[in-house]
Amino acid sequence: MKVKIIIAICASLVVLIIGIALGSVNIPPGEILAIIRYRLTGVEFAESINNSTAIVWNIRLPRALLAFIAGSALSVSGAVMQSVLRNPLASSFTLGVSSGASLGAGIVILLGVTLPVAALFTLPLLGFAFGIGTIFLVVAFASRVDSQMDNNTIILTGMIFSLFVNAITTLMSALARQHIQQLVLWQMGSFSMRGWEAIYILAPVAVAGVIFITHFNRELDMMTFGEQQAKSMGVNLKRVKWILLVSSAALTGSAIAFVGVIGFIDLFAPHIVRRIFGSSHRYVIPLSALFGGTFMVICDLVARTIIAPRDLPVGAVTALLGAPFFAYIYFSKRAKKAQAR
Amino acid sequence: MLTLKNVSVGYTGEDVVKNVTFSVARNENLSIIGPNGCGKTTLLKAVANLMPFKGEIEVSGKPVHKMSHREVTLKIALLSQLSGIYFSYSVFDTVMMGRYLHIKDKFLGLPSEEDRAIVLKTLEAMDLSKEKDRSITTLSGGQLQRVFLARTLVQEPEIILLDEPTNHLDLKYQIELIEFLKQWAQHGNRTVIGVLHDINLAMKLSDNILVMKDGEIQVHGKVSAVVSDTLLKQVYDIDVARYMRESLKIWEDLRP
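These protein sequence lines are chains A and B, in that order. Taking the working numbering as reference, the numbering of the first sequence is continuous, increasing by one, and the terminal residue is 379. Taking the working numbering as reference, the numbering of the second sequence is continuous, increasing by one, and the terminal residue is 355.
Just so you know, not all the hints are guaranteed correct.
[Unchecked claim] Capping the alpha-carbon separation at 25 Å, the derived lysine-lysine pairs in DSS-like fashion look like this:
1) B:K205 x B:K229
2) B:K161 x B:K174
3) B:K203 x B:K104
4) A:K40 x B:K348
5) B:K271 x B:K220
6) B:K117 x B:K161
7) A:K276 x B:K231
8) A:K276 x B:K153
9) B:K174 x A:K276
10) B:K303 x B:K281
11) B:K203 x B:K174
12) B:K205 x B:K104
13) B:K271 x B:K174
14) A:K276 x B:K203
15) B:K321 x B:K332
16) B:K231 x A:K40
17) B:K161 x A:K276
18) B:K117 x B:K165
19) A:K42 x B:K231
20) A:K276 x B:K271
21) B:K321 x B:K117
22) B:K205 x A:K40
23) B:K348 x B:K271
24) B:K229 x B:K153
25) B:K174 x B:K205
26) B:K165 x B:K153
27) B:K153 x B:K312
28) B:K153 x B:K117
29) B:K231 x B:K220
30) B:K220 x B:K203
[As the list claims (entries may be wrong)] Beta-carbon label-pair distances, calculated as ranges:
31) B:G241 x A:L223: 53 to 61 Å
32) A:K42 x B:V325: 58 to 66 Å
33) B:D204 x A:F179: 30 to 38 Å
34) A:R277 x B:V325: 40 to 48 Å
35) A:A178 x B:D338: 34 to 42 Å
In short, the hints are calculated from the structure, not lab data. Quantities reported herein were computed from a predicted structural model and do not represent experimental measurements. Idealized CB from N, CA, C, for every residue including glycine.
Chain A on its own, in the form it takes in the complex (with noise of 0.2 Å):
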């Protein structure tokens, strides 16, 4: 498990720096090492890369570190909400915070709703109040119809809700057309332009979510074998369902309020950790996003590179990438255990 976690790291940072590394101009890693190093330490660095400190210190480093730190927010925030509703296929969209999300969105881009206090930041912050709104609406409302807040439940309430909120994010743009491009870009997600103000924002709330999720990590474990089990060793379902729900909401909400709608990430990264690394939650929080991160690392770099100069929208890539890889690893493996017996 050792060697596979310190490969997992290596191959992270390589793709990491490849990222960095890749576009209309070519830099080699040693330079973009030697910038990164005179910007954080001040050491000195050869004349001849002066003229590349700015495309990777301003532009390629803020947008590879904000795919990676969007790419783990979402895949862990997947991974909770499988083991939690006990669903292969469950993420925070299941529970309507991307419908939520692109509501806030729509408010700020059709209707020109600005913040006065925090103009530049309207659209990630009504975003994320709206996404994360949503789900929490959905929580409660969930509870309030049936106490035990049972699976099923969660996830009707959450699909009813996200059908109720898309609708009027539907109706909105259907009478204000001229924005109506705008929003769709938006929800096609995308990491260009953020620069270093975003990840300020993002890194500490990524950071801290993972760590407190990884804290709960057993209870995520006894969740898996479902509701009644884990209840009967022990864990306090209620109020941990409460809080792993809302914190990995906290989690989506925040990366696609500043990224745009990147969904399919938040599906398939947990799966690819478990197959590799098994399904402990000690391990699949953590390197989920690790996984999550560098994957989005690579939708990036195609997204922004294979037709250059244009962008291709990064919601899908991940898909276009992720959809293939994901049959490889799953099916393989699976064929090759029915081989096998």
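Following the hints, put chain B in place on chain A, whose structure we already have.
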């Protein structure tokens, strides 16, 4: 040790267990039998604090509703019937989950040497030592049942509730399991309450029996004092005793 007073339990307003009153002493084993749907499993779930109930349940004289879920779980553990397995864990890790409330490292939940020793000892008792690193998704139904029983035992409760513990087990393991549970209860000064479909195994597990039908207690007491041909016929709507005697005759004829 455990006392139920006028306990009713139900789903969506309809009582499945109706006004049940009985008590079980420390060191006493009790088998609960009855036809499908008579409320046996529901009753166990209420005792394990997994379902809301009306009436009063007391453990060592203290009402369950005045205890925290943690307190109840430290005293009462339930082995439920098998349900689907969606994720893969090793046998050792699965059994270790039973130590949840005992593990002192609350941040990452890393087990102590004592926790590991208890799990290894229980795995040995359940004949699972060789399988400890195997994934539970590759086990047979019988092996899985023993894994979950081991997980319930390492909780070290005072009262253990077993819902069909011999399901999926072959005859050897059924008999060994019943013998193991009797010894486990006797040596640890604990109580075993088992819901069993097999009347023979029920009688083997305990001297005391509780027979249920339509959510109500028909009889409760020593097997020799309360079980009769008429009672079983009335509860199961079939002549159970005649069937048993006919089976016995087949065995007699098979004698070398």
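Tested hints:
1. B:K205 x B:K229: violated, 29 Å
2. B:K161 x B:K174: Measuring from Cα to Cα gives roughly 11 Å; hence the hint holds.
3. B:K203 x B:K104: violated, 36 Å
4. A:K40 x B:K348: violated, 62 Å
5. B:K271 x B:K220: Measuring from Cα to Cα gives roughly 20 Å; hence the hint holds.
6. B:K117 x B:K161: holds, 22 Å
7. A:K276 x B:K231: violated, 31 Å
8. A:K276 x B:K153: OK: A:K276 and B:K153 at ~21 Å, within 25 Å.
9. B:K174 x A:K276: holds, 20 Å
10. B:K303 x B:K281: holds, 9 Å
11. B:K203 x B:K174: holds, 18 Å
12. B:K205 x B:K104: Since the Cα atoms of B:K205 and B:K104 sit roughly 37 Å apart, the hinted pair is violated (cutoff 25 Å).
13. B:K271 x B:K174: violated, 30 Å
14. A:K276 x B:K203: holds, 22 Å
15. B:K321 x B:K332: holds, 18 Å
16. B:K231 x A:K40: Judged against 25 Å, a Cα distance of about 20 Å means the pair holds.
17. B:K161 x A:K276: holds, 24 Å
18. B:K117 x B:K165: holds, 22 Å
19. A:K42 x B:K231: holds, 21 Å
20. A:K276 x B:K271: violated, 40 Å
21. B:K321 x B:K117: holds, 22 Å
22. B:K205 x A:K40: holds, 23 Å
23. B:K348 x B:K271: Distance ~22 Å between B:K348 and B:K271 Cα, so the pair holds.
24. B:K229 x B:K153: violated, 45 Å
25. B:K174 x B:K205: holds, 20 Å
26. B:K165 x B:K153: Holds, at roughly 14 Å.
27. B:K153 x B:K312: With Cα atoms ~19 Å apart, B:K153 and B:K312 stay inside 25 Å; holds.
28. B:K153 x B:K117: Distance ~9 Å between B:K153 and B:K117 Cα, so the pair holds.
29. B:K231 x B:K220: holds, 11 Å
30. B:K220 x B:K203: holds, 20 Å
31. B:G241 x A:L223: 53 to 61 Å: holds, 57 Å
32. A:K42 x B:V325: 58 to 66 Å: This hint holds: roughly 60 Å between Cβ atoms.
33. B:D204 x A:F179: 30 to 38 Å: holds, 36 Å
34. A:R277 x B:V325: 40 to 48 Å: Taking Cβ atoms as reference, A:R277 and B:V325 lie about 43 Å apart, which means the hint holds.
35. A:A178 x B:D338: 34 to 42 Å: violated, 55 Å
In terms of the numbered hints stated before, the structure departs from hints 1, 3, 4, 7, 12, 13, 20, 24, 35, listed from lowest to highest.
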